[in-house]
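**Q** So the chains spell out like this:
Protein chains: 2
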Amino acid sequence: MIESRDPESVTDLTRQGVESAYALIKSKVKKTPVLTNESISTIATGSDEVPTTLFFKCENFQKGGAFKIRGATHALEKLRSEELDNGVITHSSGNHAQALAIAAKAKGVRAYIVMPSNSARPKIEATQSYGGHITFSGPTAPEREYVTETIRKKTNARLIPPYDHPHIILGQGTVLLELMSQTQEEYGHKLDAVIVPVGGGGLLAGCALAAHGTGVRVFAAEPALADDCSRGMETGQREPNVATTTVADGLRTPVGVINFPIIQKYVEKVFTVSEEEILAAMRLVLERMKIVVEPSAAVPLAVALSDRWKKDGVKGNIGIVFSGGNVDLDKIADLIKKP
Amino acid sequence: MIESRDPESVTDLTRQGVESAYALIKSKVKKTPVLTNESISTIATGSDEVPTTLFFKCENFQKGGAFKIRGATHALEKLRSEELDNGVITHSSGNHAQALAIAAKAKGVRAYIVMPSNSARPKIEATQSYGGHITFSGPTAPEREYVTETIRKKTNARLIPPYDHPHIILGQGTVLLELMSQTQEEYGHKLDAVIVPVGGGGLLAGCALAAHGTGVRVFAAEPALADDCSRGMETGQREPNVATTTVADGLRTPVGVINFPIIQKYVEKVFTVSEEEILAAMRLVLERMKIVVEPSAAVPLAVALSDRWKKDGVKGNIGIVFSGGNVDLDKIADLIKKP
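Chains as they are written, first to last, in the numbering used here: chain S, 765 to 1103; chain X, 765 to 1103.
Hints in this document: simulated from the structure, not taken from any laboratory. One thing to keep in mind: the hints can contain errors.
Pairs count within a copy or across copies, as identical chains cannot be separated in the list.
Below, in silico cross-link-like pairs of lysine-lysine (DSS-like), each with a Cα-Cα straight-line distance of 30 Å or less [unchecked claim]: (1) Lys887 to Lys842; (2) Lys1074 to Lys794; (3) Lys1079 to Lys871; (4) Lys954 to Lys1074; (5) Lys1079 to Lys869; (6) Lys869 to Lys1074; (7) Lys794 to Lys954; (8) Lys792 to Lys1079.
Chain S on its own, in the form it takes in the complex:
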């Protein structure tokens, strides 16, 4: 990942950088709606005197079903066309794979995607349907990296990492730019805070940059079973290891090297939630909002409804980022079954 330490790019890691990214990708991604829901806001308010209104940014409706297309599109836009001649490559079993395939197709560029052979069938089919050239690898990180490096050397394709890269971070930050302006224009409110899920930290770091200087406070939401960001914030050291048992499969990655210091600097606090809280939030969203979010995307709402948030969080107008909606429909019923 040489690109990710490119000093020229790194200087751009500011709110202005997010705005420039937005100018580049705006016409290529969907401006997803911001929804509200009275009954969920009432639950979030509870017995508080100050009412809480939640504003849900629906990146589950984004192209490819997740925010990832923003970063992928931005990364491709920032490369010169001769740098794209040999195609682009990544390894991912999830939303970044689909996003890169879509973004590359839109630019007429070949996308090589390395996926673990045990990836879920719908994700493989989706990546294929977007024109991605899939190579399967073994399931572990070293196996995936080995296959990726082999193809990269053979094809000279450009590596586009999923989160640990300035252009990816700036692209993902456009989620909050839109959420802030839509909340203002469509509802007449200024956000007091936003809760963003954290896995590798591309979305969180980007949103933190986008919020800087605006007065919007940024909080992170993480599964307790994959709490590397929370631990890292406490110790002051990036935690490179993370367990992979949480149902929130998009958040099973450690926070990236570039992402961590941004998060340390600009994110106020990381809240963790249990598996039960995540699934209850996912069910509530289906039931009351009539929309499908993947478990990872339900984590910020789970935070907003938790007792810890009521105690240490913020009241008022709270942005909730629904990061994606890619969930195996045949598994939904099992996931949301009432305990």
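Guided by the hints, dock chain X onto chain S, whose structure is given.
**A** Using the frame of chain S, we list chain X on its own:
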């Protein structure tokens, strides 16, 4: 239902009447989003030379989970406050019951709801949670009407029927007013046609009035298993009987007496679809759009994707009304199972 034949009200059954209704209810109902979806529009286009773009009006996100709140709110707004003193009453096992409970609560009026004792538990709970006073009746229409009439006589509550009433029709028509203006303002397109589901015909008649004189062509979508509207249009006689076996439970009612002549006059054609087509459309919406629609609400999309529509329908910018999203989550998995 004496009110529904009130000659003074009937004179209002015009596009202007829908606009006046909108002025009354606008601040009391949700302006639901209009979504698009590239992959579904691509499927709808098929091998046609003229591309079709579908614009989905998401009344599944409406208060109470369906468009019904529009008509109920309008009906209450049109009554003088002394006419509301004794409360309002209706019989319904579905979305109208919840809508009337919500609208009445907002006005501080008591709502009596007669529900068949075999109603689905989530619907009973929802109606109760909105403050509706429920009385159970036997499941047949005469039993329900008997109980309703008994309570009405005792309480002197005002009957608010679910669809066969001018104020209800005009209120429901506001769905299309919004869809047309949102498609223009947010996407820069004028609708060529709209496909609306038909059960009792409140929504369809209202939309037909709203479209009149605008150049937007109005089509109806109906389950083949409950095709009373389609048959009525062919014979020129309202068909008072309808089978109740379709999965689209909101469309198991015959078209109303006031509704039928409006539909005859302004609706171009009724398309019917099979149960399989309805469920495939519902699955597609969950999978690609990440939103929950109830089977009744999937019927217009099922039409847009059918061979009959490709042959006899309209290409271009087509509005699709997602009428509601109230479906038992525990049953979703069974409903959408791939055949």
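**Q** Hints first: check each against the structure and report whether it holds.
**A** Checked hints:
1. Lys887 to Lys842: This pair counts as within: shortest intra-copy Cα distance 27 Å, inter-copy 52 Å.
2. Lys1074 to Lys794: The answer is between: 28 Å across copies meets 30 Å, while 33 Å in one copy does not.
3. Lys1079 to Lys871: between (43 Å within a copy, 28 Å between copies)
4. Lys954 to Lys1074: within (20 Å within a copy, 46 Å between copies)
5. Lys1079 to Lys869: Between copies, since 26 Å is at most 30 Å while 43 Å is not.
6. Lys869 to Lys1074: between (44 Å within a copy, 28 Å between copies)
7. Lys794 to Lys954: Answer is both; intra-copy 22 Å and inter-copy 20 Å each pass.
8. Lys792 to Lys1079: Between copies only: 25 Å across, 34 Å inside.
No hint from the list above goes unmet by this structure.
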